[in-house]
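Trainee: Given chain A's structure and the hints, the job is docking chain B onto it.
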Amino acid sequence: MELPIYLDNNATTPLDPRVLEAMLPYFTNKFGNAASRNHAFGWVAEEGVDYAREQVAKLIGCTEKEIIFTSGATEADNLAIKGVFEMYADKGNHIITATTEHKAVLDTCKHLEKQGAKVTYLNVKEDGLIDLAELEAAMTPETILVTIMYGNNEIGVIQPIKEISAIAHKHGALFMTDATQAVGKIPVDVNADGIDLMAFSAHKMYGPKGVGALYVRRKGPRVKVTAQMDGGGHERGMRSGTLNVPGIVGLGKACELCRLEMDEETKRLSALRDKLESALTVLEESYVNGNVQHRLPHVANISFKYVEGEGLMMAMKDLAVSSGSACTSASLEPSYVLKSLGLSDDLAHSSIRFGLGRFTTEEEVDYAIENTKKAVNHLRDLSPLWEMFKEGIDLSKIEWAEH
Amino acid sequence: MAYSEKVIDHYTNPRNVGTLNKEAKNVGTGLVGAPECGDVMRLQIEVDDNNVITDAKFKTFGCGSAIASSSLATEWLKGKSIDQALEIDNMDLVEELALPPVKIHCSVLAEDAIKSAINDYRVKNGLEALALPKSHH
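For the record, the sequence lines run as chains A and B.
Numbering of the first sequence is given in the working numbering, commencing with residue 452 and proceeding in unit increments.
Numbering of the second sequence is given in the working numbering, commencing with residue 944 and proceeding in unit increments.
Derived by calculation from the structure, the hints in this document are not laboratory data.
Heads up, some of the hints might be wrong.
[As the list claims (entries may be wrong)] Think about it this way: if two alpha-carbon atoms lie no more than 16 Å apart in a straight line, the pair counts; the simulated EDC-like pairs of lysine to aspartate or glutamate are:
(1) K790/A to E577/A
(2) K965/B to E842/A
(3) K768/A to E948/B
(4) K825/A to E735/A
(5) K965/B to E838/A
(6) K533/A to E564/A
(7) K768/A to D952/B
(8) K790/A to D578/A
(9) K790/A to E979/B
(10) K561/A to E537/A
(11) K848/A to E979/B
(12) K825/A to D769/A
(13) K726/A to E814/A
(14) K1021/B to D991/B
[As the list claims (entries may be wrong)] FRET-style restraints, in silico, Cβ to Cβ:
(15) V1045/B to E577/A: 28 to 34 Å
(16) V1045/B to P592/A: 45 to 51 Å
(17) D832/A to E948/B: 18 to 24 Å
(18) Y818/A to G961/B: 28 to 34 Å
(19) A945/B to Y787/A: 22 to 28 Å
(20) A771/A to E948/B: 17 to 23 Å
For each residue, glycine too, the CB sits at the ideal point set by N, CA and C.
Same shape as in the complex, but just chain A (with noise of 0.2 Å):
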């Protein structure tokens, strides 16, 4: 076993060799510009870029021509809300999402709004979940999109999509995912789901970094977005820009490796996810964040209450891992997935996220289980806060000397 061990597959995950072979001759002899119509190099390149579209939509069940390759899931997702605002100015202006999403979508959010579109942000519940009554109510004849992300990237929670998408649809609006997280873990079918816009990323699953897709359904109803780059019309005129062809190669390989792989590493990954959370919640004080029932295999996300995360982690050095608390940050703010689920704030401080991925064995898991435990351990004896908590003292009662 090498050290450090990389327990942060939500951040990124490794490339796996097999996509790394299948992309490398399309850096050298096929390096082709698969736009070029008139010789052999143009057409080997766009061969590779046609067989990854495909490989790509049996992923997610769609057909090849409702694939746009972006530069990652955070264009996609610029693309998908800011295409259809623009797109569909004539129907409404008013767009619905949830206050977990990922930055990529909460910030285009915001630049809209000061384009004139009206945003709703849907709290959720403790397990971080939304209240489909609450997306119902908010519903209006001039709701335009419904942008929710099918997998949280901190919690691991998976939204009821199913349902959040009938609602869309029963109002007229478009039902948009960033499925980052989700795509390649899980099932994810775009027709079962009915998802109408959906953005996802190749280096969550084990492709490489700098290129992803968007899924823009292309029948019942046909969906369309404005582009937001403009030139050669590449991609059906929704995104222009000379394809990333190895990129893409390697997209649809890392497709092909998951959902051929899913089902044995589902199984396996919940295992050693399950044998990790059991045995940290055993440690006194000890929280798992985000909805138990309704989430992804790999994640799991833990507060170990008076323990600040960003200092336990120092003490788990050989474990890549991340953290809810923001002591770099400016702000000192802690995570806002955490506290929108209405942790307290020393709790959100207080939280690792584990991330498992196909490369991870158990070896690497018992190592951090125990590594985990003796930094814990090692940080109660040097918190006050625990020694207050052992002396029976109500920390809520405590007047802190706010900073």
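Mentor: Showing chain B alone in chain A's frame:
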């Protein structure tokens, strides 16, 4: 962001972790910060008849830099007179630990903890509390 060697040293082997009897007349206790902000420091000093700090202890809830700042502060306090202790400036801690700008608030908190402990000691012994400069973070 990588931590400096000195931060790692103090974090891994914190000096003077512990608790003094906060009821004792010759012990001053400072408790600063807030759990919501992600850092709380408790720093205690034991003072002899000559106004010299003979012992110092801390416990800190916070990041590595906060723990290192309070650990270093207790090291510096031991053997100093109260007047000398009042002269410890947060920028001295920043320099010694090579704290980056985003971690300066940790040193400010440590300075606040020192002053707050001294004030607790002063009040217990019939002296007036000194005016504390407002925290900058």
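Trainee: What hint numbers does the structure not satisfy?
Mentor: none
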